[in-house]
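Construct the complete structure from the given sequences, taking the supplied hints into account.
Same order as they appear, the protein sequences are chains A and B.
Mapping the first sequence onto our numbering, position 131 (from 1) lands on 131, and the numbers just tick up by one.
Mapping the second sequence onto our numbering, position 29 (from 1) lands on 29, and the numbers just tick up by one.
Since the hints were derived computationally from the structure, they do not count as laboratory data.
Misleading hints may appear alongside valid ones.
Okay, the calculated beta carbon distance ranges per label pair [to be verified]:
{"no.": "1", "chain 1": "B", "residue 1": "Arg-39", "chain 2": "A", "residue 2": "Pro-62", "range": "24 to 30 Å"}
{"no.": "2", "chain 1": "B", "residue 1": "Ser-152", "chain 2": "A", "residue 2": "Val-52", "range": "37 to 43 Å"}
{"no.": "3", "chain 1": "A", "residue 1": "Val-78", "chain 2": "B", "residue 2": "Gly-114", "range": "47 to 53 Å"}
Where is the CB? At the ideal position from N, CA and C, for every residue including glycine.
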Amino acid sequence: MPVQHGHFTLERVYPASPARVFAAFSVKEKKQRWFSCFDDLESVEIELDFRVGGHELNRLKPPGAVAHVMRGTFHDIVPGERFVEAFTMHLGERLISVSLLTVEVRAEGEGARLTLTEQGVFYDGYDQAEREEGTAVGLDRLGEIIAAGLL
Amino acid sequence: MTKRSTSHDTFRIERLYDAAPARVWRAISDPAAKAKWFRGPPDVYTTTEQSMDLRVGGRERLAGRFDSGMTTAYDATFHDIVEGERLVYAYTMHLDGTQISVSLGTMEITPEGGRTRLVYTEQGVFLDGLDTAAQRQEGTEQLLDALGRSLSEA
Numbered sequence: 001m002p003v004q005h006g007h008f009t010l011e012r013v014y015p016a017s018p019a020r021v022f023a024a025f026s027v028k029e030k031k032q033r034w035f036s037c038f039d040d041l042e043s044v045e046i047e048l049d050f051r052v053g054g055h056e057l058n059r060l061k062p063p064g065a066v067a068h069v070m071r072g073t074f075h076d077i078v079p080g081e082r083f084v085e086a087f088t089m090h091l092g093e094r095l096i097s098v099s100l101l102t103v104e105v106r107a108e109g110e111g112a113r114l115t116l117t118e119q120g121v122f123y124d125g126y127d128q129a130e131r132e133e134g135t136a137v138g139l140d141r142l143g144e145i146i147a148a149g150l151l
Numbered sequence: 001m002t003k004r005s006t007s008h009d010t011f012r013i014e015r016l017y018d019a020a021p022a023r024v025w026r027a028i029s030d031p032a033a034k035a036k037w038f039r040g041p042p043d044v045y046t047t048t049e050q051s052m053d054l055r056v057g058g059r060e061r062l063a064g065r066f067d068s069g070m071t072t073a074y075d076a077t078f079h080d081i082v083e084g085e086r087l088v089y090a091y092t093m094h095l096d097g098t099q100i101s102v103s104l105g106t107m108e109i110t111p112e113g114g115r116t117r118l119v120y121t122e123q124g125v126f127l128d129g130l131d132t133a134a135q136r137q138e139g140t141e142q143l144l145d146a147l148g149r150s151l152s153e154a
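If you want it as structure tokens, here you go:
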């Protein structure tokens, strides 16, 4: 079954410094505060070793559904500004995507603009629109956490 | 001080090889067969390291040096392997020790008459103006031509 190649970019401007926004991705304790595209979860497991060659694991289990397991490797990091990560996503045992994630943060006015780009290989009926939607929910959550002063 | 930038690009290259799918699969999946075509130009490039461990999570490396002194390193990790049909991998390129790109490569093989179609798709992040998709595509076209020539050798 052929795979599909897709590509999307999302942007947000947050009322926080670039360093704080970047730390939301690079510091495990901060990432845990916002990282989820689900409203309720049976369990969450997050591992984060933020360095070139380091790995990330996010295992999110919604009630009554299979776990979404994201495994990533960091390939490029410019501290405070940018990182590029290759990651796979599995639903249970099934591979549903292989992607590159680029996150760039820069100052804008009093806050920070975040630009997220995903370039992905999508498998068997799992499509880009779902990924884009889930990612957008995550970035909105990050905005809520920042606005609530919880980052 | 490096001027930071990223360029996100996708390119796709197709070849129709006059060989059976199993031979083309071997050319991209067997370390000895791959080493016949996956390398720098032999008249100006010396390979210093070449290895391939084809399994999910396995690595591939090609490192070497041009006569000019410039060093290159290709480092890949395999993420999806479908025997005879498909490879998906992430790879980085370094020139003189500086990382110039991070990319996903997809190779898909399908039979066509008695021949084999190979489609290569690269989705790349080209870093800090140090390389372009156009240059990467050109280099890749040459490699896939070399793959074709290797199929007609013993």
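For each hint, the structure was consulted:
In this structure the supplied range 24 to 30 Å is violated for B/Arg-39 paired with A/Pro-62, their Cβ-Cβ distance being about 47 Å. As the Cβ distance of B/Ser-152 to A/Val-52 is approximately 41 Å, the hint placing it in 37 to 43 Å holds. In this structure the hint that A/Val-78 and B/Gly-114 lie 47 to 53 Å apart at CB holds, the actual value being about 50 Å.
Of the hints listed earlier, the one the structure fails to meet is number 1.
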